[in-house]
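Peer 1: Listed here are the chains, written in short residue letters.
Protein chains: 2
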Amino acid sequence: MNISITKTTNPKQKPDQNDLGFGQYFTDHMFIMDYTEGKGWHDPRIVPYAPLELDPSCMVLHYGQAIFEGLKAYKTSKGEILLFRPEKNMERVNSSNDRLVIPRIDVDFGVKAIKELVKVDVDWIPDAPGTSLYIRPFIIATDPYLGVRPSNTYKFIIILSPVGAYYKEGINPVKIYVESNYVRAVKGGLGYAKTVANYASSLKAQVEAKHSGYTQVLWLDGIEKKYIEEVGTMNVFFKIDGEIITPSLEGSILPGITRMSTIELLKKSGIPVTERRISIEELYAAHAAGKLDEAFGTGTAAVISPIGEFNWNENSITVNEGKIGPVASKVYETITGIQSGDMEDAFGWTQKVL
Amino acid sequence: MNISITKTTNPKQKPDQNDLGFGQYFTDHMFIMDYTEGKGWHDPRIVPYAPLELDPSCMVLHYGQAIFEGLKAYKTSKGEILLFRPEKNMERVNSSNDRLVIPRIDVDFGVKAIKELVKVDVDWIPDAPGTSLYIRPFIIATDPYLGVRPSNTYKFIIILSPVGAYYKEGINPVKIYVESNYVRAVKGGLGYAKTVANYASSLKAQVEAKHSGYTQVLWLDGIEKKYIEEVGTMNVFFKIDGEIITPSLEGSILPGITRMSTIELLKKSGIPVTERRISIEELYAAHAAGKLDEAFGTGTAAVISPIGEFNWNENSITVNEGKIGPVASKVYETITGIQSGDMEDAFGWTQKVL
Ligand SMILES: Cc1ncc(COP(=O)(O)O)c(C=O)c1O
Ligand SMILES: Cc1ncc(COP(=O)(O)O)c(C=O)c1O
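Order-wise, the sequence lines are chains A and B.
Numbers 1 to 354, taken from the numbering used here, label the letters of the first sequence in order.
Numbers 1001 to 1354, taken from the numbering used here, label the letters of the second sequence in order.
No lab work stands behind these hints, which were simulated from the structure alone.
Each statement offered as a hint is correct.
BS3-like cross-link-like pairs, simulated, lysine-lysine; straight-line CA separation at most 27 Å: (1) K1210/B with K187/A; (2) K1187/B with K175/A; (3) K210/A with K1187/B; (4) K187/A with K1204/B; (5) K1088/B with K204/A; (6) K1204/B with K225/A; (7) K1225/B with K204/A; (8) K204/A with K1187/B; (9) K88/A with K1204/B; (10) K187/A with K1226/B; (11) K226/A with K1226/B; (12) K1204/B with K39/A.
Please model the complete structure; the sequences and the hints are all you need to start from.
Peer 2: Here it is as structure tokens:
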């Protein structure tokens, strides 16, 4: 399929590179492709960024049949534009699509669409250290119909947003509230899919945690409220008594691409990662025994986010004196080094756009 | 607040009353009201039905922060227009809003908005037996922003759809597939809220059940996969050994307004309803002992939907020889009688629009 390109005749003013924040500015163009039952995905096009016209009865607004992805394009010091494992995001699109009964998209074509769009808006990619171009592919159900059933029409859309450095003033470990009241997802549900429902269900817990001075919540499993799942928009890793542990993927947590990369990276450095269930009691017991050496989150937004404190049922524990530890540092430096082109990409993780 | 009215200059052709189906035709007007942080809900207006212009980064499309309701307006044989307990729907809006961190809406104002809109499109209310005007209030988060947090802006919208009779060829009991793989909702999650996430999570199970010849799935609790929750878009009732039982509201099922009305109605007729947890084993044991007299669903769409067959792990049981039972019949006739104005409304459930 050929992607048609219609350029804007009215380019926007670009925002100040030092004040980008996250997800609030959007570039001049977007990618759109339609799906119609019987016809398949068709009419891929890059067009000026503009409001979508959606019928008020449009199914996504009523039944949440929608999925999304998040990845970034980085400008290297040599001026190259790199993507980090974009095929993994497109594979996850299809895993999410299967769960939400949305038709699959060809992985290679999806990556091509991302690249073409990034090329068109290449001038929007910021180059201050730590900045990048956030890429948000998403799919929405568009039938104008109120019955509960999968839609027969969809739109696959990609939008781009220049984003600021996550750590402007150095890496500050976060304070995490262990949630024992609200549940994000449960086995048999939607937890492993990157779908709107999981974020809707997280809002209330997040607001309450913020209120109490915590950055994010750590979710426990929905069945026993015992096993550690993930944090906000990050997977979690622990170093306990020298062993690196991350919760195994059991259907209720998102299989993060940074998680996968962290596991592969550590393995290659001779540091094995154990993927298994780990309970919050075990974490607290390890801390009590002086064996909880590190805790950190992994995700596209921050790459690595060290965790300095947990609060579980009003019991607070501090990890590694509230400082980033050596494993988190090493992973952070390697992944961001590869993304920024400053380190050799021995894994073949990056794809060059330009 | 005053509701401004802008009438369409281009009214649509009305659909054939005998071929309305459900949720596929929409009237000439819609109600919209905006929310902005600091300003509250404002600018309530009735305007011509038209597409919404939504920024592609609009939060509802990414994080599913949205809720909805469903109720009906009925035309009586005397030509009056009645609503059925609309204040209960608006109360449920606020319960859903609280869970989704959406600002509340004044219940009386919400009911007034529904009435005003129905009046403007009164000519759209069909009058063939069993037909009605379906009313869909909904709220969507509209910030053009990709960070995960509650939106600062929202739209409350009401649209109307003339719908056909649910039972055109008499009441036919449905076949229900007991779902033991997928989970709709779990305690601590969103189950009790009427929010898009719960419907997104139901689609795959529903499609698979349809494939195997079943109308809908019966959800079991997400923790033990043991206790009966609800069916598709209906709550469930059983008559076992003379006792009427419906699952108690424990946070994971929708508190249906038809469920509430059924309980109140039966109570007034001297038939108590026990609200308690009931396991699928208990249901099957009751059937084996010849004591499962009736099973039926309750919901706005069909009012009562008798269940003729269950399939749980490939074990099928037939209820009441696949026919509607006396309790389901009585509830159906009373509620539809009150809605259509043919029976006296001893409960004060209806509100007159015109
Ligand atoms: C719920 C959740 N968990 C984990 C992650 C981390 O995934 P990734 O490393 O692919 O960004 C994300 C996404 O960013 C997320 O939304
Ligand atoms: C999941 C679910 N359960 C139950 C019901 C029944 O609720 P009500 O009787 O208020 O229509 C509905 C809605 O119609 C529903 O969507």
